[in-house]
Amino acid sequence: MHPIRKQRLVLVSLMVVLSSVAIGLVAFALRDNINLFYPPADVIAGKAPTDRTIRLGGMVVEGSIERSETELDTTFWVTDYEASVAVRYSGILPDLFAEGEGVVAEGMLDGAGTLVATQVLAKHDENYMPPEVAAALEGKIAPADRAALP
Amino acid sequence: MWTIIHKMGSPPWFFRFSGTLVRWLLPITIALLLVGAVWGLLVAPPDFRQGNSYRIIYIHVPAAVVALAGYYVMALAGAVSLIWRIKMADITMRAAAPVGAVLTAIALVTGAIWGKPTWGAWWVWDARITSMLILFFLYLGVVALFEAYENKTAAARACAVLSLVGTVNIPIIYKSVDWWYSLHQPASLKLTGESAIDSSMLYPLLLMILAFYCLFALTVLLNMRAELVWAHRESSWLKQLAGGA
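Protein sequence lines, in the order shown, are assigned to chains A and B. The working numbering applies: residue 1 is where the first sequence begins, and numbers increase by one. The working numbering applies: residue 1001 is where the second sequence begins, and numbers increase by one.
FYI, nobody ran anything at the bench for these hints, they're computed from the structure.
With a straight-line Cα cutoff of 25 Å, these simulated BS3-like cross-link-like pairs (lysine-lysine) come out:
| no. | chain 1 | residue 1 | chain 2 | residue 2 |
| --- | --- | --- | --- | --- |
| 1 | B | K1152 | B | K1239 |
| 2 | B | K1116 | B | K1175 |
| 3 | B | K1152 | B | K1007 |
| 4 | B | K1175 | B | K1190 |
| 5 | B | K1087 | A | K6 |
| 6 | B | K1007 | A | K6 |
| 7 | B | K1152 | A | K6 |
Work out the full structure: start from the sequences and follow the hints.
What follows is the structure in structure tokens.
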């Protein structure tokens, strides 16, 4: 290869490597801000701020959803299988919200350690399958899932 | 090997070669898009949790995959342009940028439309979505930077540097769902191991990804041909090709 071209090749490679390292360091320094939510274990450990709005993410604990008879109020527990945090929310929940499914709740922690949510988002997983396959895997279809079927 | 590369750099040869390629690629792309869309939207079964709304995956994922791959095409052309100073590489880079921008926009818009019924929000500032938005701005940046220069050789050099620096974003987009807590779910398609998507839904998805790759190649080639015609509008070979008019 011509020496000038070789020199340019080295320059181009250096440019890519150095900019990657720079941006990698920035991303590493900002990793706490890039995370969309805190897992319950971090909230229990006191790593999440209590004086401003945070997001909490995890799985809705099976059997923990309690709906009010007269209002839109709902309470449920969110877990990462290490710790659990209670969430109180008043509003319409997304269709995919269900026990045992992923959820991201945005709101502020009150004095008792309950997250008073202003928004609840459903986090679904990467699995896609036809209803029959899911039924065969589960042995049955959970009532919450049956409602979502066409 | 070197003769092929030299031929690729020759506008008359490339113009004729790409003409043949386009003639074959056009019907193949249309056929793949039609079969993939009908298979994915009508034949594939509904999802056990999302019902029919998951079917937007057949547009969303192919657009996003090819938007990422297309960025490497643009950056690689930029590197070739910087090192070997081949005009055809400039044209490739310039032709890929707007196509990539449109694909990224499609991925972002279909993602928002999908996000509303499944997550409950049109837009969330999570790592995957934000890095994808940065990709959109990078593509637009290359287009704008090229237009900002009067001297097109300098423009190509600046665009090549921008697109090469931007390559760092591609692995970030790809791994964002694994590196950070995000609302976007991890990848369903896996290069190694079993995919997390049932085969009855996977095959039309793979077909659509292939169709989008063909669509990308086709539109970039057409863009390059248009660019060539404009750049060589006074050349004798082009006048000969046009029938000596």
